[in-house]
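J.: Listed below, chain by chain, are the residues.
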Amino acid sequence: MLRFIIRRLLQMVGVVLVLSLLLFMWLRNLPGGPVSAMLGERATPETRAALEKALGMDQPIWVQYWKFISRAVRGDFGPSSAVLPGRDAFQIFLDRFPATIELSALAITIAIVLGIPLGYIAARRAGSLVDNASVIWSLIGVAVPVFFLAFLLKYVFAIRLHWLPVSGRQSTDLDATRITGFFILDGILTREWDAAWDAFLHLILPAMALATIPFAVIFRITRAAVLDVLDEDYVRTAESKGLLTRTIRSRHVLRNAMLPVVTTIGLQIGGLLAGAVLTEKVFALGGIGDTLAMAFERRDFAVLQVLILAATIIFVVVNLLVDIAYAVIDPRVRTR
Amino acid sequence: MTIRKAAPLAIAASLALTMGACAQSDRDSSGKSGDSAGSGNKDTFTFGAAGAPEVFDPFFATDGETFRVTRQMMEGLVGVKAGSAEIEPELAEKWEPSADGKEWTFTLREGVKFTDGEAFNAAAVCANFERMYTQNETALAGPAEYWAGNMGGSKDKPDESLYSGCEAKDDKTAVIKLTSATSKFPAMLSLDSFSMQSPKALKDGNANDVKAQGEAFIYPDYAKNPVGTGPYKLEKYDEANKTVTLVANDDYWGEKAKTKKIIFKIIPDESTRRQELQAGSIDGYDLPNPVDWSGLESEGNKVEVRPAFNILYVGLNPEKNPKLKDLKVRKALYMALNRDQLVKTQLPEGASVATNFIPKTVTGFNSSVKAVAYNPNEAKKLLQEAGAENLELNFAYPSEVSRPYMPNPQKIYDALKEDLSKVGVKVTTTTKPWNGGYLDGVDNGAFDAWLLGWTGDYDAADNFLGYHFSNLASNDFHTKVTDYGKTLSDDLKKADATVDEAERTAMYEKINQQVIEDYLPVLPLTHSPPAIVVSKNVEGLVVSPLTAEEFSTVTVKK
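Protein sequences, first through last, are from chains A and B.
This note's numbering numbers the first residue of the first sequence as 59 and each following residue consecutively.
This note's numbering numbers the first residue of the second sequence as 18 and each following residue consecutively.
In short, the hints are calculated from the structure, not lab data.
A portion of the hints provided could be inaccurate.
[To be verified] A partial selection of chain B residues facing chain A, derived with a Cβ cut-off under 7 Å: (1) Glu232; (2) Ile235; (3) Asp238; (4) Asn242; (5) Thr260; (6) Gln292.
[To be verified] 27 Å max Cα-Cα, derived DSS-like pairs, lysine-lysine: (7) B:Lys172 - A:Lys111; (8) B:Lys217 - B:Lys228; (9) B:Lys186 - B:Lys201; (10) B:Lys98 - B:Lys194; (11) B:Lys398 - B:Lys172; (12) A:Lys125 - B:Lys228; (13) B:Lys510 - B:Lys119; (14) B:Lys503 - B:Lys377; (15) B:Lys186 - B:Lys220; (16) B:Lys497 - A:Lys111; (17) B:Lys397 - B:Lys340; (18) B:Lys98 - B:Lys228; (19) B:Lys98 - B:Lys319; (20) A:Lys111 - B:Lys241; (21) B:Lys220 - B:Lys342; (22) B:Lys439 - B:Lys398; (23) A:Lys111 - B:Lys174; (24) A:Lys111 - B:Lys228.
Predicted model, so just to flag it, every value in this text is computed and none were measured.
Every residue, glycine too, gets a C-beta built ideally from N, C-alpha and C.
So that you can see chain B by itself, here it is in the shape it has in the complex:
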């Protein structure tokens, strides 16, 4: 080798050496993870996540992948009983409403600290509510969606707001004031978005400073490193290697986490998640495809099927297709759909035919309502009576998507379309990608009928019924052009504002009956249970109908 040729090599080598000298390994000396102090269990639970968390501040999050992570680190005043949708005390030990349902007194748990050492008390509760209430318009239109959807307005728009103030009576008593009574309170406080966070950290991190630029939002630094009271805290988010690591909170007030670390490994592709589980490099993942359930089980994994907390329905737009204003036509369409067959052939094990718009796990479910029976002959007759025997229907379904209530939209759609054709309905098929015209199409009233569903946020009938039909002026089902739309909307508002629980439940039961028998604003089809899968070495996982599992009880055998 000549000197001329060797020179660049020598320079490169010396550069590498110099850089190497500067490059310090900042590795923890404990390095690799191992066992949990001779317990025979691993000290890490590795979970395959379908996506990265959007932000770590649950107040500004809206998606399940984010909440799965923040749920391990954060707690609310109100929690959800493991394995159910029922609420239970969490950071508040108990609560009591005033007679008019507008003042709620929360008695707080004592001896709780945030992971930054700050005390959790009534002042902290009020600071949290004031923080949530004090949103700028930008945040309220987008990231603070759960607050906007459940509480209405912000401090700038007090007349639209359900929340009106918070008072710290003493260290362990906080009073939250509302502008009107609502059935959703206090259940809505179990939402991950309304978790309690360290007031000091919120203030220091300028937590509310959300701005819009381009078609996106910019979040404050706090959103990368929030501080809660939960059994875990954030250790790091390795964006390059797509892993989120949580570590147990040693000062946790309740039962401490059984496994020291949780690692969320982000694997967007579902079949890759399955392969990772097969290879043993992850211990579990969410929403395995129903067609894989039996295969996963035969490999020794545990496929845990949750109780269904969702609804799949066919939406109808009577404004676009005026024939749909006639109850006879809607009933005929409903009778034409063979829902039993759909459950048997297209949906996962454990799915059921919907008899109400809400699943039976939700308070207000009316068990005396019978499912409208499949009866194509009666359907034809009804269509004839309504003068709609040649009904044309622009019926849409989404592509490029799979939802817990609808694992395979196209197959479900094909079955429904065939049923409708059998009674003489001329179906025009429209299909658009989920986020490629489908969701916009539904909101813009582009289809006569469409396939969609809903997964509940918490146990409140209003979260299903109210969310869809309360707003008469603007809802996807255009109930404003129907003869029942106003009654339904008024009844829902009345039921929601009823303080007495028994009375309220009775009202929802009646509405549920009317929705099926007299209104049919949509055709409720089925409830499908979503599953979660873990390896045979995982124990202690309690599944939740809200898909809101807490991992602090989980252990992983070596």
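This is chain A alone, in the form it adopts within the complex:
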């Protein structure tokens, strides 16, 4: 197992190195760039040339890459040009990551807590009203675009009912203390309960919006998996042995049905970042997602490089964790 993990981590280093080169070249071959972002209408051929020279962009691309990589191995990914000009790009990642984690964690929790039980119930009562209603709900979840859903949620719960805030991570008048950057955790640690509660309220709508697709997928996979397992001989055997229904459900049905579900959850966590780009933007959350969108729009190369490489690493690590979880649930994997 340990050798397996080490091998996978080594592979990751290779992937990241190759990706860094490709990414570096790709970004610099995109039309537009930091110079246009900085100068806008003020750009003239002269000011453009002067700025390119000042930024070293007139040098050959391999010189630029060498400068980048030799700093990057020392942990210096360079300053941001547009997201927070002058700020270290890696620091921006660290500062904005907590918002994305909070959002993703709540979203995936909602998706799991609703998706698995509903999937299970729907499978047990296949064809019933509960089953049909859940299937339709999950279809809507996949089909409705996130920005529309976000708009709808905000309109109902924030603007009409005033139950929840429209956007942001915390109310502007709270003056909360920051320690870890995880606002809910910070509120708990400092016993600023109102701040923690306020941050939680701010997360509900975006998490609901972000959770729709993972919920729908988890629900459908659970339902299908449970249906499959219920048909298996060992379930029938267990039933005929007279085992308690509770035991059959937890030890035989759910445990076996969970294998594809866990894989799915892993993939969904990896895919959350894609959904987070839009969700964070329309809810002004200031996480990795909307930073990525802004960095791309303004061609902030340093920030883009850090965020994309970090996202890759996270994706690979999550997949590794899923494989480990797989081994824990299914002993057959371990022996292979």
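We have chain A already, so just place chain B on it with the hints.
T.: What follows is chain B alone, placed relative to chain A:
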């Protein structure tokens, strides 16, 4: 639960408790904001900003979101009269040029202090100008863009510089020396970038230490916490929660701020800003989409439309498409464009057809110039006369952008393209993202014609005309290949260097007439007024054509 299972839980719980013990709340005991001492007004004005400030030192800033914040904290020698583009005394009470226009004597306001307690006097003025003048090459090429654009060079390149020195005659008299006369002075001193900052703080914070790394600049710590003389000062920038908080400066020399705090809440998405206003969690935001104006008003908000201080034009490149060298062809294109229709159908209320390249709020505007009338038949005739009846035009517009002078580029473009097709011009459409090939394309001469505009920085015709056409060797309109390019450039330089105001104004009026009637280096289309929206509870906001509102007069009813 077995002990084995309970152990990690116990460890986690004890860790959390230990951390909790270390984690001190550094909350202000006054905590939440409330009312302004029983006045019936809130003590906070919350404004939805479209972006975070780039840096807090306005000298190194170039964007409106930054200036909106620094403007509340900083003042210049010269200010702008509320609600207009006219300059007025601010930290200087008056100024007087020498006969040759190269020496300007500023008499300073007395009793002014920076928010760090340092005195504002002539020595401070000179320290500021020396600081701005002493830029390294890196800063001059990028962040010190306003200085480079208006003053030319730095101490290392004195022959390119307009500024040559500053002398503190006595505490309240500062003399600023220039290498040549220019119409832009002293109006340019009203730019936020040239605000006066505490010399001590500038020096202690090593304010000029700008470096380049990668494709970006690294700024000194001073840029995070600048010190000015304005009615507000920076309280904090909460990056994680994306809010900037300003608090009233109790020692302000003028009328004190009416609302104790301003919070800028950064909300990049426009429809989210609108929803925040609907929900009552912000009190206003800038540049509401014109299609939302009536909706916002029907919800009880105040949509304040500013006088237009911009121009939308079709740029032309006669070097790329030599047919455009012929005035008849340029005139024909101009006549083919139905600008009245454009104003009525594609632009916000209050927009107007451009008759000059500059809006009428700018000194030098020539009201006797009539708009070239829409006349497709005459246009066809002119094209025929010029032998360009089959004119092909690579005409570009930007995507992924909305500017105050051009709220919806694509719709404007479609209307223009249709007009051109009607007179037989074969238009090839090119569209590129604003920062994804469009701006580079314009500067690199990739298009025959393109849609672009300009928002003025201050009241000076040179800031419109000079900025676009003075530099003959290198401008986007390639006027160097035309027969009028040199005359236009020379005339603009001459007008700019004319000291006598009446004489200068007359020169600009003439140039404005020539630009429309004889040159047409671009086809000026329209001026569009940008709006700002505040809730019905907000009072005292005076809007500015320069979009340079000062919030110290604003109150928010509970």
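J.: Going back to the hint list, which numbers does this structure go against?
T.: 3, 4, 11, 18 and 21
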